[in-house]
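If you read the sequences in order, they're chains W and F. Per the working numbering, the very first residue in the first sequence carries number 19; after that it's consecutive. Per the working numbering, the very first residue in the second sequence carries number 1257; after that it's consecutive.
Misleading hints may appear alongside valid ones.
Claimed, not checked - The following label-pair restraints were derived from C-beta to C-beta distances:
#1 F/ALA1357 x W/ASP105: 30 to 36 Å
#2 F/LEU1342 x W/SER78: 16 to 22 Å
#3 W/VAL156 x F/GLU1351: 23 to 29 Å
#4 W/ARG51 x F/ARG1360: 24 to 30 Å
#5 W/ALA118 x F/ARG1360: 33 to 39 Å
#6 W/ASP54 x F/ALA1358: 37 to 43 Å
Source of the hints: derived by calculation from the structure; they are not laboratory data. Yeah, the Cβ is synthetic: ideal placement off N, Cα and C, and Gly gets one too.
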Amino acid sequence: MCTASDFVDPLFYDTRLTKKGAEQAASLAPVTRFLDPAPEVIIASPLHRAMTTADLAFGSCQGIKKETCALMRERVFHASDVGRHPDAIEADFPDWCVKALREEHAEKDGVWWYAGDTDGGDNLGAAVSVSGVVQEPVEEVRVYFYLRTGK
Amino acid sequence: MRGAAVTARLASYVTRLTRGGGTGTGTGAGAGTARAGQTSIDRRAFSTTMGRAPYVPPHRRGSTNAASNASNASNASTVKTDKKILHLVRHGRTEMNEYLAANRWDGTSLFYFHTGN
Chain W
19 MCTASDFVDP
29 LFYDTRLTKK
39 GAEQAASLAP
49 VTRFLDPAPE
59 VIIASPLHRA
69 MTTADLAFGS
79 CQGIKKETCA
89 LMRERVFHAS
99 DVGRHPDAIE
109 ADFPDWCVKA
119 LREEHAEKDG
129 VWWYAGDTDG
139 GDNLGAAVSV
149 SGVVQEPVEE
159 VRVYFYLRTG
169 K
Chain F
1257 MRGAAVTARL
1267 ASYVTRLTRG
1277 GGTGTGTGAG
1287 AGTARAGQTS
1297 IDRRAFSTTM
1307 GRAPYVPPHR
1317 RGSTNAASNA
1327 SNASNASTVK
1337 TDKKILHLVR
1347 HGRTEMNEYL
1357 AANRWDGTSL
1367 FYFHTGN
């Protein structure tokens, strides 16, 4: 088994679904189609794999708002967990709302993923431990949904 | 909203958060969200899975507790509440998943690496 010191990150930035992964996601479509009550909104991490999965899984659900939320993202273990600029996301997923993502991370030039501490920088290839900043967002997620469902 | 990631992996299992005058988590709460029995269409749809147990949305999951059954039955006609159901869906298999499967990585060593222990 590899350890963090000898593991080689393949640098699959914002990793994509495999064919099997796409099939897995699409297999949910017959289920989501009959959800009752029908979904009001689909919220996904801005990571490509999450948004693609959502599109495939809820492909048969028409007219549902789709939003990205950085709070849904995974912590950065590898390059595969590094996201892309909101402009690039919007280009690939034009029917998704990235307005909030863009606005909330404007001061960081659209960098919504964890990019390392300011003193240490990113450390791709060796994995970035963000244990200290993982727990706190859980409460933020709760608040997000509370506010979101209150709209 | 700042902060880093929450490991909210889109999951192939389903759970829910319910809200009724506040926030709540868990899979057991949700009085008032119970539904009457599934229709034939429901059963057909929910039998589609990814090789796992048939999917049943949380609000359709019955209780083996008699009291709960009675409560659910009485609530079945009053399903219009302000409760929200959150379906969590895990993302499909990725290229990185494939790589990790072929190059087993001991994620637990991550913390040793960074803390110097």
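Going through the hints against the structure:
1. F/ALA1357 x W/ASP105: 30 to 36 Å: Given a distance of about 33 Å, which is inside 30 to 36 Å, the answer is holds.
2. F/LEU1342 x W/SER78: 16 to 22 Å: Taking Cβ atoms as reference, F/LEU1342 and W/SER78 lie about 20 Å apart, which means the hint holds.
3. W/VAL156 x F/GLU1351: 23 to 29 Å: Given range 23 to 29 Å: holds, Cβ gap about 28 Å.
4. W/ARG51 x F/ARG1360: 24 to 30 Å: violated (37 Å)
5. W/ALA118 x F/ARG1360: 33 to 39 Å: Check passed, 37 Å falls within 33 to 39 Å.
6. W/ASP54 x F/ALA1358: 37 to 43 Å: holds (41 Å)
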